[in-house]
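With the hints as constraints, model all of the structure from the sequences given.
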Amino acid sequence: MISIKWVLAAIYLVLCHKTAPLSHPIRFYYQSIKGLFHSRFKNKDVTKYNSFNLGSPDKLFKYITWHSRVSPMEIDLFMHKNNSTYFVDLDIARTKLLVCLLQQYWWNAYENKSGEFGKTKGSFGNIPYTPLGTVQCSFKRELTIFEKYDINSRILAWDKKWLFVLSTFTTIDPKTKDKRINAIALTKYVFKKKRLTIPPVEYLRYCNLLDEKNEEINARNIELVKHMIDTGDLDALAEEFLK
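Read left to right, the sequence shown gives residues -16 to -1, 1 to 227 (mature numbering (1 follows the signal peptide of the UniProt record, and there is no 0)).
There are no misleading hints in this set.
Below are the DSS-like pairs computed for lysine-lysine, each with C-alpha atoms no more than 27 angstroms apart in a straight line:
1. K210 x K144
2. K178 x K105
3. K2 x K(-12)
4. K177 x K144
5. K28 x K97
6. K176 x K46
7. K124 x K2
8. K18 x K32
9. K28 x K103
10. K26 x K43
11. K145 x K197
12. K26 x K97
13. K18 x K178
14. K163 x K2
15. K18 x K132
16. K43 x K163
17. K46 x K177
18. K145 x K177
19. K197 x K210
20. K46 x K18
21. K46 x K197
22. K32 x K103
23. K32 x K43
24. K178 x K97
25. K97 x K145
26. K132 x K46
27. K43 x K176
28. K46 x K124
29. K161 x K124
30. K32 x K145
31. K46 x K26
32. K46 x K163
33. K28 x K46
Since the hints were made in silico from the structure, they are not lab data.
Remember, it's a predicted structure, so these values are computed and weren't measured experimentally.
Take a look at the structure:
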């Protein structure tokens, strides 16, 4: 007979798997491994081939969707999804986007045939890391307990250093069946190879995502995120507290 404690543990994991201990790294690495190894066993050159059919300029601004549902442990005192949990979900959704869209670039770094990414070859330690610079989120409509929602993420713009990702939380209106926006987030990434910054055009061009049309779109979009590029005034204001 199954012990009652195992039944309760199973119920807990089903209902609260997003907030259980170690759930964040598990979900992060699941998306990373799933996205990377999708191409590994297809008898193709993984440093050139994108198994998600995202290796062409017309796919650069394509939305990649991650599905989820509000779990009980994410609820605030108003019985809505807590604002802080949006940022945890964004981590996973953006990981899916970057791993899938830049799949061949990650494998190129892993193989490291040119020696560009270090002294070793065939090592995951060669893969550049992608620290966040800034994340901002605008909340439009609440999400309630057990409600299904999608996070749709895409590349928005880039400059010489930063890559900007746009993400939208969306649900389906039960009456009209139309999509509605619940939140909008902007993220600023920098790609690092050891201590060196990798210009976005380098990895976007490697993945065959750039052309003249996309450069023109970027020139327009970058105007939307200029306030996120230089935060020197804000840094100076914060440092006044230390004086």
